[in-house]
Amino acid sequence: SAVISQKPSRDICQRGTSLTIQCQVDSQVTMMFWYRQQPGQSLTLIATANQGSEATYESGFVIDKFPISRPNLTFSTLTVSNMSPEDSSIYLCSVDRQPSGYTFGSGTRLTVV
Amino acid sequence: GQQVMQIPQYQHVQEGEDFTTYCNSSTTLSNIQWYKQRPGGHPVFLIQLVKSGEVKKQKRLTFQFGEAKKNSSLHITATQTTDVGTYFCAGRNAGNMLTFGGGTRLMVKP
Numbered sequence: 001s002a003v004i005s006q007k008p009s010r011d012i013c014q015r016g017t018s019l020t021i022q023c024q025v026d027s028q029v030t031m032m033f034w035y036r037q038q039p040g041q042s043l044t045l046i047a048t049a050n051q052g053s054e055a056t057y058e059s060g061f062v063i064d065k066f067p068i069s070r071p072n073l074t075f076s077t078l079t080v081s082n083m084s085p086e087d088s089s090i091y092l093c094s095v096d097r098q099p100s101g102y103t104f105g106s107g108t109r110l111t112v113v
Numbered sequence: 001g002q003q004v005m006q007i008p009q010y011q012h013v014q015e016g017e018d019f020t021t022y023c024n025s026s027t028t029l030s031n032i033q034w035y036k037q038r039p040g041g042h043p044v045f046l047i048q049l050v051k052s053g054e055v056k057k058q059k060r061l062t063f064q065f066g067e068a069k070k071n072s073s074l075h076i077t078a079t080q081t082t083d084v085g086t087y088f089c090a091g092r093n094a095g096n097m098l099t100f101g102g103g104t105r106l107m108v109k110p
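Protein sequences appear in the order of chains A and B.
In this text, residue positions in the first sequence follow the working numbering: the first is 1, and each later residue adds one.
In this text, residue positions in the second sequence follow the working numbering: the first is 1, and each later residue adds one.
FYI, nobody ran anything at the bench for these hints, they're computed from the structure.
You may find that some hints are simply not true.
[Unchecked claim] Listing some non-contacts, in silico: residues in chain A with all C-beta distances to chain B over 10 angstroms: (1) Q14; (2) D64; (3) S100.
[Said to hold, decoys possible] Incomplete in silico selection of chain A near chain B, CB under 10 angstroms: (4) Q37; (5) Q41; (6) F75; (7) G105.
Even glycine gets a Cβ: it sits at the ideal position worked out from N, Cα and C.
The following block holds chain A by itself, in its conformation from the complex (with noise of 0.2 angstroms):
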């Protein structure tokens, strides 16, 4: 199965900046997924990142809050901007493997102060 690097594990942020999170993953894919999961919940899939064109957003996330680069097929970067206490959350990227399901980066932990 694939192996997803995910950075940082986790941070602690000051309100109104902004973090960077990156996933590299040993393959190339040609989706990846970015999924917010707060504390004790399920996980909500905030975007889908192709390479090559923009990434598509579920209803409630936007692309000035959550702006997703994807430069080539192996990597991509979710920035969490202008936070707020509200964005603190563990933030995950994923791929989809079937018939393997999805692999899982293991995940940035993010408190907004």
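Assemble the complex: chain A is given as a structure, and chain B must be docked to it using the hints.
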């Protein structure tokens, strides 16, 4: 849109007891996947079920997919402390969209 409901939200069991979590989709699924997330960890894929009525086993874990392909269950026999974590189902619809259930958090008392 597609909704995937999972019950119970939490389950405390004594070590050695059995555990079951149930998943129900508002729409017919093309397949269903199950994941386990250990405390402080990330979700890890366990299995995928595709066929109507399919049953798969992994050691003490038994996974079922309903005949109508709208519901699924995960049963753990004789739980161990290593089973602690949150179990998520995730249903894939015909549009290839994967929707995660709310998860069942399993706690095992030694």
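Now for the hints, and whether the structure bears them out:
Against the 10 angstroms criterion, Q14 of chain A stays outside the reach of chain B, whose nearest CB is about 24 angstroms from its own CB. Here D64 of chain A stays apart from chain B, with its beta-carbon at least about 23 angstroms from theirs, past the 10 angstroms limit. Residue placement check: S100 of chain A does not keep its beta carbon more than 10 angstroms from all beta carbons of chain B (closest about 6 angstroms). Among the interface hints, the one on Q37 of chain A holds; its C-beta lies about 9 angstroms from the nearest C-beta in chain B, closer than the 10 angstroms criterion.
For Q41 of chain A, the interface hint holds, since its Cβ comes within 10 angstroms of a Cβ in chain B; the closest pair sits about 8 angstroms apart. Against a cut-off of 10 angstroms between C-beta atoms, the interface hint on F75 of chain A is violated, since the closest Cβ of chain B lies about 19 angstroms away. The interface hint given for G105 of chain A holds, since its Cβ lies 7 angstroms from the closest Cβ of chain B, which is under the 10 angstroms cut-off.
Hint check: violations occur at hints 3 and 6; the rest are consistent with the structure.
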